[in-house]
Amino acid sequence: MTLDCDICHENPPIIKRPRNQKALCKQCFFLAFEEEIHYTIVKGKLFSSGDVVAIGASGGKDSTVLAYILKLLNDKYSYGLKLYLLSVDEGITGYRDHSLATVKRNEVQYAIPLKIVSYKDLYGWTMDDIVKATGLKNNCTFCGVFRRQALDRGALIIGANKVVTGHNADDIAETVLMNILRGDVTRLKRCTDIITGEEDALPRCKPFKYIYEREIVMYAYFKKLDYFATECVYAPNSYRGHVRTFLKDLERIRPACILDIIHSGENLTFNQPNNSIKRGNCIRCGFVSSNDICKACLLLEGLNKGLPKLAIGKKKQKQQALLQYNNF
Amino acid sequence: MCDDCSCSSVDKRIQTFDDQKCKKCGEASVIKVHQQGGHCVECFLIHCRHKFAASIGKANDVKYKSKVAVGYNAGSSSTALLHLLSTMLSRIGKRKKLEFICHFVYICFEDLDENSQTIESLQSNVTSLGFTFSCIQPIATFHYNRYLKREIMLKTLCNFAASGNFDYCMIGWTSNSIAINGLSDVITGRGDGFGFTAKFNDNKLFPILKPLKDFTDKEIGLYNYFSKTPAPIYSLLNDSISTYAVTENFVRGLQSGYISTLSNIVNIGSKHSSSVNQNKCEVCSIPMPNHVNDSNTDKLTARSFLDHFDKPKYLKTLCYACNLQNFENG
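If you're matching them up, the sequences are chains G and A in order. My numbering numbers the first residue of the first sequence as 11 and each following residue consecutively. My numbering numbers the first residue of the second sequence as 261 and each following residue consecutively.
Worth flagging that the hints you see were computed from the coordinates, not collected in a lab. Mixed in with the good hints there might be a few duds.
Each computed PhoX-like pair below joins lysine-lysine, with the alpha-carbon atoms no more than 25 Å apart [as the list claims (entries may be wrong)]:
| no. | chain 1 | residue 1 | chain 2 | residue 2 |
| --- | --- | --- | --- | --- |
| 1 | G | K81 | G | K172 |
| 2 | G | K32 | A | K573 |
| 3 | G | K147 | G | K114 |
| 4 | G | K199 | A | K559 |
| 5 | A | K559 | G | K53 |
| 6 | A | K292 | G | K172 |
| 7 | A | K281 | A | K311 |
| 8 | A | K571 | G | K53 |
| 9 | G | K55 | G | K32 |
| 10 | A | K573 | G | K53 |
| 11 | A | K559 | A | K540 |
| 12 | G | K26 | A | K573 |
| 13 | A | K571 | G | K26 |
| 14 | A | K531 | G | K199 |
| 15 | A | K576 | A | K559 |
Which residues of chain A face chain G? A partial, calculated answer using Cβ under 7 Å [said to hold, decoys possible]:
| no. | residue |
| --- | --- |
| 16 | G449 |
| 17 | G451 |
| 18 | V506 |
| 19 | I525 |
| 20 | I528 |
| 21 | T561 |
| 22 | A562 |
Each residue gets a CB set at the ideal place from its N, CA and C atoms; glycine is no exception.
Can you build the whole structure from these sequences, using the hints too?
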């Protein structure tokens, strides 16, 4: 490591950036970090003036830094955004209860209003209850589907027209690899989009798409931001956990591979015909859905009937037909 | 008898092996072929030969009496390729479409004189089965990573085939090789080349066929074992420190827990539609977009992001990934 910062050549460096191996001092690192996110927001045309933006806030490092940075850039560059913190309580004891306390502190620290929606209120089930019913496999499917709808519902309650999440470069790279390993062409086509769901009422943006997770951690650490630093208790058993370990091993050898994977993902094109998905409404809950019954309702029906695997797995089409026949 | 309570019911902890008899001929089975049940040695070998012939026949690429240059290095998969080709071509009969002329090529990176014994041994392996053999030197000997070595070998084979008026090249890449190389391509920023790596006919430079695409390393190892060919059965885990080694170990490990991993990767690569641009990278030969050095596009991409902040000086003749590796290696 050099003795001076590679940009200002005055102060001693505190970080070597994984992307380009440049050694930066604290101030230059903060400026470079903020400038990159500002560039991503402007070049990616993520927001328009007057947008009401719901920040998906879990209390973790990504969402805490996201809330801090958006507030800072909104004031500095006059984006004209109205910001809200939106938190989802999945009901995971020992994890979510602590992280929500952090989000409540963030509400005060950043002066951004907070809205919390919970699985218990929306669906009548907590993640702990779901795991007891389903076991440790496939529980991420439930959580992901429910959380997505919970975020949308919460955003509609506060009148938001955009949702922003703290997905970083590591997350996007993991998703690209996961979709290749699973052979999921449909998801692979759209997983590198910086704005997803543009055709829906609530597009979701990812300003941290090209930002390394390691740098987010360092930014939060040096800025002394208040965040909750524990992984979900159910995460290690997930498929994504294997891919995350693989990515970390790759990053240790060659840190640039994370952006290289994103570059590859952006350039993958497929021969498949573009089957445009028809957006409608779930006939049960009225929420946006591409099928007659939304995935959340199907999963819930399985849980309520004591058949948690009902909407999971290869026979789900037959199961959906069975549900429709029995209930509607 | 049950161990828990000594009752007479069958202990369900013991997995019942329904495939004790070969599904084809009823003899004692020695191996369970995925989704096809138990097979005896002979039926397993027949299964492999049929699969091999079917992969060439289905692909519709090889024409009657074509000349094919086959890459050979006495490894597990190229030895299996040699024997499968020999068996298939000796039993052509009415299947004229599968009649083509093979010439085996060994690319020697070391000094030819020092390796004369090895070369003689390889030559006798090939000529004893009625094929012709050549040993050639690569177009370049300098390589700083496995990817570059692989590209040099492929280019050398293609140059030899082009200059010798061959119609096709053939290499012994199994689904393991394709999956690991394809995933490595994605990891190093060569997603554009993923489609070429995974397809049966890699037409990047010259038609390169991969007839062992549907075989796993394990199947090839067992084929060699049961056929008594002189080849290693299975390679050990790669313990070198490289992204390729990490990828290889990861894919092998994941495949043991999720058995469709290899086929998923290969299928994704096969569906990838690679562009047929005239501009090709000098090193890896993947097509380059016309605006390879133009960072003034409106769209925000990883490339435009890096161009804006790091301002690297790209060589116009190299793609994004080869340019980056060029910088990293000085």
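message = Which constraints among the numbered hints does this structure fail? Numbers only, ascending.
response = 3, 6, 9
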